[in-house]
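Peer 1: Heads up: the protein sequence lines correspond to chains Z and H, in order.
Residue numbering for the first sequence follows this note's numbering, beginning at 1 and increasing consecutively.
Residue numbering for the second sequence follows this note's numbering, beginning at 1 and increasing consecutively.
These are calculated hints, taken from the structure and not from any lab test.
Keep in mind it's a predicted model, so treat the numbers as computed, not measured.
It is possible that some hints are incorrect.
Stated by the list, open to error - As a list, the in silico DMTMM-like pairs of lysine to aspartate or glutamate whose alpha-carbon atoms are at most 25 Å apart:
| hint | chain 1 | residue 1 | chain 2 | residue 2 |
| --- | --- | --- | --- | --- |
| 1 | H | 21 | Z | 44 |
| 2 | H | 21 | Z | 132 |
| 3 | H | 21 | Z | 105 |
| 4 | H | 21 | Z | 113 |
Unchecked claim - With the C-beta cut set under 7 Å, the calculated list includes, among others, these residues of chain H facing chain Z:
| hint | residue |
| --- | --- |
| 5 | 21 |
| 6 | 24 |
| 7 | 25 |
| 8 | 85 |
| 9 | 86 |
| 10 | 94 |
| 11 | 95 |
| 12 | 100 |
| 13 | 101 |
| 14 | 117 |
Glycine residues also receive a C-beta, built at the ideal position from the N, C-alpha and C atoms.
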Amino acid sequence: MTDLPPPPQATGRLLDAQLHLLDRSVVDRNDVPVTTVDALEITDIELDAPIPRGAPAPVITALLSGPVLATRIFGGRPPRSRLERIRWSDVTDIGIVLKLSVDGDSLAVTWVERWMRDKIIARIPGGHHDPE
Amino acid sequence: MILNDLLGLDVFDDRGERLGKVLDARFVLGGPGRAAPAGAAAGAGAGAGAGEARLEGLIISPHSRHSYLGYERLDMNSPAIINAILGWLHRGTFYVQWDMVERVTAHELHLRTGYRRFDPRLPPTPEGEGRP
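One chain only, chain Z, in its complex shape (with noise of 0.2 Å):
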């Protein structure tokens, strides 16, 4: 398939972002699917400015999701503030899904099936508990 050199080994697993990151689906602990991985935050690099050499590499610092339906058909990306944020340390597996250390209904980006579950199902009679 190709005739170059392996790269050198390195000291973890390896992911790549595309592959095994975006686009994969987040469950809390309790194993509720939260969203799906929409982009990755990742440590600032300085634009226009050469980068040394032996400079830290960026790291991974956050998953974000928001409303991209739109800009996956029409091109660009969601401002990043109608992106909500899932701290990378909160992560605790990476397989088939991304596993997270916390419970979904403490994160940001929850906030509208919260509003839906509090402000709306609840008022209609019999939203206040589980479908018999």
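Given chain Z, work out where chain H should sit, using these hints.
Peer 2: Quick look at chain H alone, frame taken from chain Z:
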């Protein structure tokens, strides 16, 4: 910074020759001194936390800015017709280490003098960790 801003950038070498676009970003989980357990396969858990994910390098494609199933990074070769099409689309794809990136601008990424091209494929693991 949002990682998605790096993906799709035009890549140039030190002489200003265009090499392609950033197809993906490869991270190493654990990082130096915090190597992931040897048997940490996808879905098997990565310990109490996933650990630091450090940018290890970039996958650059001269002909495409989209990955399509990761055929160029995994030892998948069937169905043959799909493999042939994607192999052709991703011909010339290579991997460069992040240390070899000299400068990033809003639209371009420049590599250092003497950068080396490596095989973009993920190293095989007995557990099939690299599978998407």
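Peer 1: Compare the structure with each hint and give your call.
Peer 2: Here is what the structure says about each hint:
For a cut-off of 25 Å, the pair hint linking residue 21/H to residue 44/Z stands: about 20 Å separates their Cα positions. For the hint linking residue 21/H to residue 132/Z, the alpha-carbon distance of about 54 Å lies beyond 25 Å, and the restraint is violated. The suggested pairing of residue 21/H with residue 105/Z is violated, with an alpha-carbon distance near 39 Å, which exceeds 25 Å. Between the alpha carbons of residue 21/H and residue 113/Z the distance comes to roughly 38 Å, so the proposed pair goes past 25 Å and is violated.
Below 7 Å, beta-carbon pairs count as interface contacts, and residue 21/H has none with chain Z, the closest being about 13 Å; its hint is therefore violated. The closest approach between the C-beta of residue 24/H and any C-beta of chain Z is roughly 5 Å, which is under the 7 Å cut-off, so the hint is satisfied. Taking 7 Å as the C-beta cut-off, the interface hint given for residue 25/H holds, the closest approach to chain Z being about 5 Å. Checking residue 85/H against chain Z: minimum C-beta separation of about 14 Å lies over 7 Å; hint violated.
The criterion of a C-beta within 7 Å of any C-beta in chain Z is not met by residue 86/H, whose closest approach is roughly 11 Å, and the hint is violated. Contact between residue 94/H and chain Z, as hinted, is supported at the beta carbon level, the nearest pair being about 6 Å apart and thus within 7 Å. At a threshold of 7 Å, the smallest CB-CB gap from residue 95/H to chain Z is about 6 Å, leaving the interface hint in force. The closest approach between the C-beta of residue 100/H and any C-beta of chain Z is roughly 9 Å, which is over the 7 Å cut-off, so the hint fails.
The criterion of a C-beta within 7 Å of any C-beta in chain Z is met by residue 101/H, whose closest approach is roughly 6 Å, and the hint holds. With 7 Å as the threshold, the beta carbon of residue 117/H comes within range of chain Z, its nearest partner Cβ sitting at about 5 Å, so the hint holds.
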